[in-house]
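Participant: Listed below are the residues making up each chain.
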Amino acid sequence: MTIGYFKPPSIWFSFYLILLAIGCRQDPNLKYIDSPYSLDIPKGITPPNIPAENTLTTLRIQLGRELFYDSSLSLDYSVSCATCHLQEFAFTNNQQKGIGIHGIIGKRNVPTLTNIAYSPKMFADGGSFSLEAQVFAPLQDSSEFSLEMTALIERLSTNDHYRQLSHAAYQRPIDAFVITSAIASFERTLISFNSKYDQYLLGGDKNALNESELKGMALFFSQKTNCGDCHAGINLTDYTYQNIGLYENYDDPGRARITLDVSDEGKFRVPTLRNIELTGPYMHDGSINSLEEAVEHFDKGGRGHSNQSDLIRPLFLSDQEKMDLVSFLKSLTDVQFLNDPSFGGDN
Amino acid sequence: MVVIITLVFAGCKRKGCTDPSALNYDMDAQKNCCCNYTEVFDLGIDFDFRVSIDPFLYNTPFTDQTGRKFDYSFVRMYLSNFRLVNASGETHVNDTFLLIDPTITKYNIGKVAVGDYSKIRFDIGIDSITNSTKQPADFAQDHPLGPQSPSMYWAWNTGYIFLKLEGSVDTNLIPDGTIDWPYVFHLGTNQLLRSVELNYPVSGDDGQKLVLDIGVDLARFFDFVDLRTENSSHTLNNLFLAKKVVDNGPNVFYKK
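Protein sequences, first through last, are from chains H and L. Following this note's numbering from start to finish, the first sequence increments by one per residue and tops out at 357. Following this note's numbering from start to finish, the second sequence increments by one per residue and tops out at 697.
This is chain L alone, in the form it adopts within the complex (with noise of 0.2 Å):
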């Protein structure tokens, strides 16, 4: 009789959801089922590039709001911390980060619970944490973070260049079209981190994939800088014109 009691009670394991991941995560069970996930949905973002109104191109002249003459020959920017945002508060997606090339218009954001959103937001560099701990050797070789060519990463100071802008410019007093100098800007640091917030409803059903439309007018930088007299910055060897390039960030990004 006893052996018989034994024998049952040892075949009887405790149902339950065995994933941590789950939302009805059982630590008591010992046999794995029905396991019940957050329902969520795809994010991606297609950018559209752009210097005021036309289509970025590399090495290509374009016009600034002073007449003058510039063009772009590398362009690269961190993005992260990307949430969105509704009235019970901010959700954020995974652990994002991305490095963005003008060249390249479709990226993923990640997995977002289902529901109504009403804005997005995002930063304009790395985390503090992430900036002042990690280092590119820390990352895979295709991760964002990782080392980069060329390398988005300072080595001689703590941390990651959050945006680098090169290219040239027509320096000439009076701008007469001929691009003669060229621009750097390497700019960084914890202090250099910049938020943007775009109203962007967003409705996401379990499975759904969604794109959202963000244009970058990536001339916005350059809003009150004079590039023929303010053309170099590597951030802490000029912060007042590294700030002022950075603070304009928020104006780059809008809703399509």
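Next comes chain H alone, as it looks inside the complex (with noise of 0.2 Å):
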């Protein structure tokens, strides 16, 4: 008795083979798997903290990455968190203010995200809390993006793509966790630790800095100038607000808007200076154009505000050493870090 037709082995090979990789290429869950991640810091210096429930994995990045470009998040589609955060400006505009939806232009100047994962809070006057807790802000406010996170979930929603990032990287489906999770996430990654200053001082290497980067730096970190005290650790910033004097009276109240203290108005988040010489226009409003101009400011000592820092002083520089400033400024600069592609949206 015959039981089905039987065929030589070969050929039934070659078939199972065919089938396989017909099967193989149209797996789509090869692209979804996950793995964890690890921040690039180098030796010495301290990580930033990771929230416990948002532990950095690829597919988180990739997630908070994509996002992060993409102008659905705004009502009419025209901007995204990178509309005003270009890596080539070193995630700031190059504008005095940020631009949301219709062309409004925002409240303040663009802050730098290098190394945001150290900073303990977002925003110029401390606001907001987290990294997470942050993107409500942008994604709110009728000047920026003007797109409530419940409208925002519907949107993202039907994105199979993102559905599909979604389940694998946070095992739910997109919501308000999963966004600003996911955001955070890449944003914690814009590390940059490459500058000539850091090849300086953590890479050893004596050659890195010229006589006037050294002469730079030395009078930044030095009693005369005081700079480092505020600008202090491996961010040049200690994270305080302070009041540097840039007005006897200031329009924006900087961090007395969210304490209410009257001592604290026109304190402002002391920045970063890291790849300041792609961050300006400078300041809380943006108004000063260059670095020049902002070592001017502070050689001559502020306007005397009731609030301003007693560090703010004239510090009777002279030309040499104000070009001497903004060498070292200047060495700041991390190329690699504006130029690293998986900081960047895709084409």
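If you're looking for bench data, these hints aren't it; they were derived computationally from the structure. There may be inaccurate statements among the hints.
[Stated by the list, open to error] Quick list of in silico lysine-lysine cross-link-like pairs, DSBU-like style, CA-CA up to 35 Å:
(1) Lys684/L with Lys131/H
(2) Lys53/H with Lys234/H
(3) Lys117/H with Lys575/L
(4) Lys117/H with Lys685/L
(5) Lys575/L with Lys41/H
Computed from a predicted model, the values in this text were never measured in an experiment.
With the hints as a guide, bring both chains together as one complex.
Facilitator: Printed below as a string of structure tokens:
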């Protein structure tokens, strides 16, 4: 009795291989395999805190990066996070203020995202307590993205790729937790420790800085200027709020907007100076156009606001000393950071 | 002989309650048995939303204490930290947060230990720890503290908006009945948390479902507020007015 139709083994084997090949090509899940991700922090530098409920994985970062560059986060699909946070300007926009939908000009200068993972609070006045929480602010603001989180969740849930990424990265459907956590994860990868200053200090390359930069560095950290008192530590900021006497009267209350404390009026977070060469215009309102002008402001000693820091006073710098300070500030530029394709969008 | 003894001991697992939430939880128990739980009753609230003596309605003119017409276009309020009080002290009810919408009258509070109580207390707003450390993405979408539309989270500042009152008012110096100007109150931040206490005898038995009848006279938020000129506060830009409104909070609620 014949059972079936017996074929020679070699033909069956080829048939099996063909089926396998077709199956693999059509497998949609290969690109949604996740793995833990560690930030590349130089030896001797403390890594930033990563919250336990949002540890870094490759897919979380990928989702966050895609959302960061996605203008469907804004009401009329016209702006994304990257509209104001452009990699070529160390994630600022080379303008005085941020610009949202309909070309609406925002209230403050766009802060850099260089090493933002280290910042304990977000915004120049410290109004937000985490990168995750911060996402709500530009989203809801009618002069930025003008799209409520509930509406964004609906929008993104129709995208099959985001749905799959969300499940693979966070084991849950797209919701506020996934959106804010993913964007925060991507932002935490924006790490910069490869400037000439870093090569000199961390890398032990004594030739990394030229004479003017070295003199500028020494002057920066000296008691003659006290720049390094506030612009301290690995990110050249101590993350405190200071009034530098930019104005006698401030339009923008700064930290006082959050604390309602009169003694906080005109105080803004000390910004990191990393990549400062690329992140002008400067100050909370973008009112200072160049590093030379910025040095000039500190040399003059501020305009004498009642909350002005005692460290701000006339410095009596020579022209050469001013040039050296600017040279040093430029040595904080990390070209690798500005060009790293893993920080960019998909073209 | 040794084998028999071993087998006998191996078969005897310690019986006891293995549920940590039970009154008689036994951490050494290996076989779950006989758990006792606190006897509880279910508590809910049925709010009666009013504007003075009139039932609350959106986009309907009401008249304030000065004879001025105004209406409501949007109202939301967080209530939390519910406690029942008796001679022994306060009994907290769960971790309940309510987002009150005056078009919805019935809300569940949670389970309370059986007993006799004389008062209920709750806060208008959110406790400072939750308010300072949590944000909407930390909660499920259907949780009162999750993302809302319109949003009840400031975002540019830490924390939730405890109370939103929006509508329009007749701002003519001599009121002529024409509602012509919007008013908006977005009130929050830790310093604006307010407590409400109502004398309300409650006696609950095991397994009962009890509902409290509480009146809410929304108009009382505007006691001593001249809506003609005092019609906007986002809290930090007009803290004086914000405090004036939330300070009226305890008088808004009453036992029916």
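Participant: Can you list which hints this structure breaks, lowest number first?
Facilitator: Violated: none.
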